[in-house]
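Listed in order, the protein sequences are those of chains A, B, C, D, E, F and G. Residue numbering for the first sequence follows the numbering used here, beginning at 1 and increasing consecutively. Residue numbering for the second sequence follows the numbering used here, beginning at 1 and increasing consecutively. Residue numbering for the third sequence follows the numbering used here, beginning at 1 and increasing consecutively. Residue numbering for the fourth sequence follows the numbering used here, beginning at 1 and increasing consecutively. Residue numbering for the fifth sequence follows the numbering used here, beginning at 1 and increasing consecutively. Residue numbering for the sixth sequence follows the numbering used here, beginning at 1 and increasing consecutively. Residue numbering for the seventh sequence follows the numbering used here, beginning at 1 and increasing consecutively.
Among the hints, a few may not be true.
[Claimed, not checked] Each computed EDC-like pair below joins lysine to aspartate or glutamate, with the alpha-carbon atoms no more than 16 Å apart: (1) E:K175 / G:E55; (2) B:K189 / B:E237; (3) F:K125 / G:D9; (4) B:K175 / A:D9; (5) A:K205 / A:D9; (6) C:K125 / A:D9; (7) G:K175 / F:E139.
[Claimed, not checked] Partner residues aside, some chain A positions facing chain B, computed with beta carbon under 7 Å: (8) A28; (9) Q31; (10) S57; (11) S58; (12) F97; (13) Y99.
None of these hints come from the bench; they were simulated from the model. We put the beta carbon where it would ideally sit given N, CA and C, even for glycine.
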Amino acid sequence: MFKNQYDTDVTTWSPAGRLFQVEYAMEAVKQGSAAIGLRSKTHVVLACVNKAQSELSSHQRKIFKVDDHIGVAIAGLTADGRVLSRYMRSECINYSFTYESPLPVGRLVVQLADKAQVCTQRSWKRPYGVGLLVGGLDESGAHLYYNCPSGNYFEYQAFAIGSRSQAAKTYLERKFETFDSASHEELIKHALFAIKETLQGEKLKSSNCTISVLGVDNPFQVLDSMMVQSWINSLEEEGPAAEETAAAADQEAVQPAAEQGAAPDEGSAPMEE
Amino acid sequence: MFKNQYDTDVTTWSPAGRLFQVEYAMEAVKQGSAAIGLRSKTHVVLACVNKAQSELSSHQRKIFKVDDHIGVAIAGLTADGRVLSRYMRSECINYSFTYESPLPVGRLVVQLADKAQVCTQRSWKRPYGVGLLVGGLDESGAHLYYNCPSGNYFEYQAFAIGSRSQAAKTYLERKFETFDSASHEELIKHALFAIKETLQGEKLKSSNCTISVLGVDNPFQVLDSMMVQSWINSLEEEGPAAEETAAAADQEAVQPAAEQGAAPDEGSAPMEE
Amino acid sequence: MFKNQYDTDVTTWSPAGRLFQVEYAMEAVKQGSAAIGLRSKTHVVLACVNKAQSELSSHQRKIFKVDDHIGVAIAGLTADGRVLSRYMRSECINYSFTYESPLPVGRLVVQLADKAQVCTQRSWKRPYGVGLLVGGLDESGAHLYYNCPSGNYFEYQAFAIGSRSQAAKTYLERKFETFDSASHEELIKHALFAIKETLQGEKLKSSNCTISVLGVDNPFQVLDSMMVQSWINSLEEEGPAAEETAAAADQEAVQPAAEQGAAPDEGSAPMEE
Amino acid sequence: MFKNQYDTDVTTWSPAGRLFQVEYAMEAVKQGSAAIGLRSKTHVVLACVNKAQSELSSHQRKIFKVDDHIGVAIAGLTADGRVLSRYMRSECINYSFTYESPLPVGRLVVQLADKAQVCTQRSWKRPYGVGLLVGGLDESGAHLYYNCPSGNYFEYQAFAIGSRSQAAKTYLERKFETFDSASHEELIKHALFAIKETLQGEKLKSSNCTISVLGVDNPFQVLDSMMVQSWINSLEEEGPAAEETAAAADQEAVQPAAEQGAAPDEGSAPMEE
Amino acid sequence: MFKNQYDTDVTTWSPAGRLFQVEYAMEAVKQGSAAIGLRSKTHVVLACVNKAQSELSSHQRKIFKVDDHIGVAIAGLTADGRVLSRYMRSECINYSFTYESPLPVGRLVVQLADKAQVCTQRSWKRPYGVGLLVGGLDESGAHLYYNCPSGNYFEYQAFAIGSRSQAAKTYLERKFETFDSASHEELIKHALFAIKETLQGEKLKSSNCTISVLGVDNPFQVLDSMMVQSWINSLEEEGPAAEETAAAADQEAVQPAAEQGAAPDEGSAPMEE
Amino acid sequence: MFKNQYDTDVTTWSPAGRLFQVEYAMEAVKQGSAAIGLRSKTHVVLACVNKAQSELSSHQRKIFKVDDHIGVAIAGLTADGRVLSRYMRSECINYSFTYESPLPVGRLVVQLADKAQVCTQRSWKRPYGVGLLVGGLDESGAHLYYNCPSGNYFEYQAFAIGSRSQAAKTYLERKFETFDSASHEELIKHALFAIKETLQGEKLKSSNCTISVLGVDNPFQVLDSMMVQSWINSLEEEGPAAEETAAAADQEAVQPAAEQGAAPDEGSAPMEE
Amino acid sequence: MFKNQYDTDVTTWSPAGRLFQVEYAMEAVKQGSAAIGLRSKTHVVLACVNKAQSELSSHQRKIFKVDDHIGVAIAGLTADGRVLSRYMRSECINYSFTYESPLPVGRLVVQLADKAQVCTQRSWKRPYGVGLLVGGLDESGAHLYYNCPSGNYFEYQAFAIGSRSQAAKTYLERKFETFDSASHEELIKHALFAIKETLQGEKLKSSNCTISVLGVDNPFQVLDSMMVQSWINSLEEEGPAAEETAAAADQEAVQPAAEQGAAPDEGSAPMEE
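Next up, chain A with everything else stripped away, as it sits in the complex (with noise of 0.2 Å):
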């Protein structure tokens, strides 16, 4: 077998300029459960799916609340997860202390961006495995960001990570133009069907995922569990939207095979642009 004998520090370059083991760290962020995220002009709302251990246990916690205005959905490896998120807490709370007003988000994303470029730059630590949905508001309206463990972040609209994300990316890209307008209600619809698109017909119950809203006069919130039932019990009542998607997802099959094709790794956020 050959090997590779440039992928196994942090501080090697390989020959043609990759740096291998923050590449492997963002697969991480593949082999996590899915999570999403979608936002308007004025409300953010972050989603996830819950893979419980066992009828035993809760599922762990992949939607963290930062500030009244910040929230976090992760995957990846959880605990480099709540780490990060611990921080950001952390740098809000020093923040508002020192200023009395809340830490722009873009700011926040940066200072997370800048921690996690730290690990790409030292032989003795490694790249964080986890992906980042930063959702937050401040005064230049709602925001989404995508943080990755290569030390980059990107704005976006709506976005979905995780595994098969694809498929909720899919989705999102053919509703996204509506978003900029859309009701917190609307949203949350909207995450419910990305979600369930990444559960590969699974059932969508209220056990297998996690919504989360913010936005305009609403501080950060995590939609307790009935609420959840009844708005997934609302979207199977408005089945036909359901099926239409359905359907233009089998049309989807056949025609835009050639772009999927042609972008295979949209998933993964590329150390360079």
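Guided by the hints, dock chains B, C, D, E, F and G onto chain A, whose structure is given.
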């Protein structure tokens, strides 16, 4: 033989985005003798199997008191477990000294998980080789957590870790719906039945198991050997129940095989959810 | 396969006196999407190609304001570039606070290069994987520098880095003699033509390029998308010029092949001169 | 030959969840000459085999006084053992200086175990290569602990470690039920019989064993050579008892083979219980 | 292929008593474009070849002013050279601040060499990849030193380093006896002839060489491009001299081959003398 | 060839529980020229063989004064030995300054052994490559210790280390019973006979051995060359004694071969006893 | 090819108890050009061969003044030698400042040796690659020491190190008996004859050797070139003596071959004596 070049260093990612050293440390938990935990709304029972070194020795302690309201049962490297439970004790003392109230269980569990996470991101350390079932009582009631070497933690109604814990988990899954409102006496009985499942025909005796209880008006307490034996005796008198269990187990041996096949690794706490 | 034993550690010399890890890091610059810079006596224009992750995302920023009189465009690892531009911003603030005058561009460029050099001489670090085109204005006029991962820097009249930058450089070399006295409007046009060369048939749109200007009485400014589009439109109206260019390019496709062959690596900044 | 890639670094886990370097260090204990300990409710006797380097030398000390109420016998690397017993002495002095009461045995044993655990989790150290039988007396009576290189400790009624310790353990297991209420004279006799078992036909002499006693009203004391010889002489006069032992041993040679086969590694203190 | 196991670590000796990494670093000097120095009793001239990256760029600076009485020309990694010349500048400033007199050249050269030696004796560093020709004037007259990556330095009447420097050295060796009493104008001419030798047929232009002068009543000064060109023009008018040189070179091509063969490595500064 | 993967790092255990690097360091002691020590109740004599580098040099010192009451003879790396004896001198000075009494020999020997032990448990160090015979006098009489690289020490009546020391040990074992009450003159004679045994036919001269004495009313003193020669002369006059020795040696050559075979490694101080 | 796994790390012992990296460093001494030293009771002469880099350069200094009463000649890596002689100078200055008397030679030599020993026991350093002949005068007369990379030192009447030093040593051994009472003029002549022996037919000139003298009423002084030449001239006038030497050498070429064979490595200072 295929040589895996990604699995000797805790800070090295594999091409598939895995941290093998962390996964190997989780194997150590599976090698340890079994520990189980279960809770009602008001009480937590922790139990473990004692594998005596020889007739000459007492068994090594595997259940530790952390504070009046928190206890822990471990499986895996007992030295690592002891060091971590000492850390927990010290955190509890510092908290109650500073705030004059007991440290909330969930908060301690997060600190413990964060301490474990650090060991997965420094090249000169190794992940802890121990799993901890943390039982505790605070204002929000009784809790049972499982902290694993990856730096993850999970909340459970009931759980079992260590060698042959699958049998105990099967028992607990069949019964857990009644636990929430069970008396602590019932919890103890269930714990003993679950422990028995892991013994594979070996006789349940007070010498090969330890039981501890914690709950409202019950500071953490390891039951003394005589009390455990009297519990065991009373179970045997209630033989039918046990037989029923066995019958159910037989039945189960036929039907849910597929289900078990579908989740063969349920005992391992994955790093990603 | 021949295994190179000198190319995995940044502090290891090859027998021929090369530092392979530094050269590999320079490959990362070539993989990034293109960035170009050009200047007159009084103005600098920085431009770059935006490769959008998906329809859902905004592109990642690759042109940064450092100060009113300094801006930077990057190619390669954007996380490394962001960290370095933050360093530059901080140096500018400190200097102007202490001396009450703007930091001279050349001085900042040397500090930046020294910071990069350190990363080529410590075994626990890695060279930065980013090239920076630094444009600035000070008492000695407008300047354009290229800082590369080796810790070297070069002053240019016009330069292009990143993927397919050779085509842009060919364009710039044909035109640069007129740049020194060009208006900033002309510089912008040249920048757009150069960018177009790197797109390989892809259509030039305001969505796939960013343009910034800086000059006498013009603090650093990234042009907004609409303005960029209007520039693009005006270029297309001036079609003949473009065609002339294309013709020249055709002609060039015949003749200067040898010349290109003689300098195939012109795009890479060698460590030694 | 199969090359084990997981067994050269103390911080590397094997795929089966083992720390080979810790297990190898425990081998060093088995290579050392034997040490045994046994206790009644009020007294502890520690004994060891002295393997003289040559006629010219005194044997190396393997039993150390820690405090009036604590002593230790070692098997394995004597240099490591000496360093650890010096640590214990220093802890005892500090405790009694601060609290004006003797350090409880169990507490010292935990500190010792924690010190050993640290050496199993730092890449630049190695596990200690010594096993320690710690005998002590405190308010809860006489205690005998075994501390092993893994950072584990066990409490025993009687135990033997080091080379050929299995024979001694077999003797002790046959007799231990009488130890709890034995006089310290009886304990010494049992110790000598157990030591004799490890000598494999070599004659028991005061020159090849050391005996120490500790108990209520008996500060820790290593018996002088003449006293040991007189004890040995008295044993030989009581020949029948010894013969009976031999007979029993013969008998045992037939029957409990299976049992021994079932627990061949009883002498090694596993890392997990 | 034979794998040399002694040449990847700067602190590893080969069996023959060589430090290969230091020797490899000296190769980097040979790869750099040429630099030459020569001196009379009162003046030093430093010159170098400029290899322009492209038409678009100015060449990278390779001659640096250290102080009014000291200048340096480098060959090899320019980033290393720049960092070292900054160090030299800072030493000069500190010295003259403290002692109110200029730092003697020889003293600075020793400090520089000691700084280089340290990099050959620490496992986490690498030797500098640059050779420095240090020209200076102090109370004992004009000096020319060569500092090489091994931490050695040599005093020269005239010297050349870098690629194709052998031809320049041959020229200098033929002429150096007249240098000591030459005027600085004559030194400049000799420098230009020597530079010409390294160009291998490429035309000598003011754009591909830099000349600096330093001497009694002449603070260090890099000649401006126009002045260099006028010197070049005057040389061409004095064609015969050049031809004579060429003739001599032809002659030399026949005779001194053996001599050259006997000292093929003269250009490399050995670590031992 | 079989490659031992456990013997290049001092902190790596072999599967059989050995530290090969420590054992290899003990080989260095065996390679050094011989040193011997012997003592009566009141005196210690240390002696060593001097292997002169050449006629031109004095031999390197191998016997050092530590204090008036302590001396040391070494075999192995003399540089390591010198550094350790300087440490011992400094400990003696500090002790006597603080307590106004001489440092007891046994205490110094333990400190020395602890210093050696540390070098066997840190990955960036190496075990000392020297054996030390420490002779000293304190309130409990004269003592002779052997400190070896493993961090172990042993007390001896008489001992020999270094190359061909087995012959000297055989001599000493035959005679040692008379040493305890011998005069220091007799000890010197025995020392010379023992040294002679290690010379293998080479003539005993004052130039190839050093003798030192220490005892009651005799501060440590290295005998001067003339005195040593007069001792040698007097031995030769007493030829018969020597012959008798030779005869005994012959006799021994027949009989105790088996015994020697049974203890071929007696000269090496094992790490475990 | 056999790969030696013990010879790349200075802290790794070979199975035979050798430190190969230290031995390899001693090879570097043998590669350096020769240095010799010799002394009478009152004077020391140090001399060395100068291998000029080229006609253009002065040779690199290899004899350094340490203080008025101490000088040093080196062979091997000159950069290492320079750094060590600077250390010696600084020790002398500190001592004389503190004690107002010159630092005794022997004491300085020990400090130097200890500094070298440290480099043989730290994994991140390398042994110095230089041998030093230290000549000095103190109250006990004139001394000549040789310090080698292993951390050992030896006192000599006369010695030669470096390439082809064996011939010089042969000369010195034939003559050394007369050195003790020789005048310093005679010592200089002997030094020149010894140097001549190492030149292998190359002519002895003032340009290829350096001579220094130090003695009672003679502070350390390097003879100037003219004085050295006049010494050489006077030697040639005394031709017969030289011829006699040659004759003796011829004779020697026949007879002492065996002797030389018996001590082929006399030039290397072994680590053990």
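Quiz prompt | chain B contact restraint on S57 of chain A - CB to CB distance below 7 Å | solution = Hint holds; S57 of chain A Cβ to chain B Cβ min 4 Å, cut 7 Å.
Exercise. With a cut-off of 7 Å on the beta carbons, see whether Y99 of chain A makes it to chain B.
Key: With Cβ-Cβ at 27 Å, over 7 Å, it is violated.
Quiz item: Is the Cα-Cα distance between K125 of chain F and D9 of chain G 16 Å or less?
Solution: Status holds; Cα separation ~11 Å.
Quiz item: Is the straight-line distance between the alpha-carbon of K175 of chain B and that of D9 of chain A 16 Å or less?
Solution: Violated, because 48 Å separates the two Cα atoms, which is more than 16 Å.
Quiz item: Within a Cα-Cα threshold of 16 Å, do K205 of chain A and D9 of chain A meet the stated pairing?
Solution: violated, 42 Å
Self-check item: When the least beta-carbon distance from A28 of chain A to chain B is tested against 7 Å, hint result
Solution: holds, 4 Å
Self-check item: Holds or violated: K189 of chain B to E237 of chain B, with C-alpha atoms at most 16 Å apart
Solution: This hinted pair holds, its Cα atoms lying about 12 Å apart.
Quiz item: Would the stated hint for Q31 of chain A survive a check requiring a Cβ distance to chain B of less than 7 Å?
Solution: Constraint on Q31 of chain A satisfied, holds at 5 Å.
Quiz item: Does the structure keep K175 of chain G and E139 of chain F at a Cα separation of 16 Å or less?
Solution: Violated: K175 of chain G and E139 of chain F sit about 52 Å apart, past 16 Å.
Quiz prompt | 16 Å limit on alpha-carbon distance, applied to hinted pair K125 of chain C and D9 of chain A | solution = With a Cα-Cα distance of about 11 Å, the restraint between K125 of chain C and D9 of chain A holds, given a limit of 16 Å.
Quiz item: Does F97 of chain A pass the interface hint, meaning its C-beta sits closer than 7 Å to a C-beta of chain B?
Solution: violated, 19 Å
Quiz item: Is K175 of chain E within 16 Å of E55 of chain G, Cα to Cα?
Solution: Judged against 16 Å, a Cα distance of about 11 Å means the pair holds.
Of the hints listed earlier, those the structure fails to meet are numbers 4, 5, 7, 12 and 13, in rising order.
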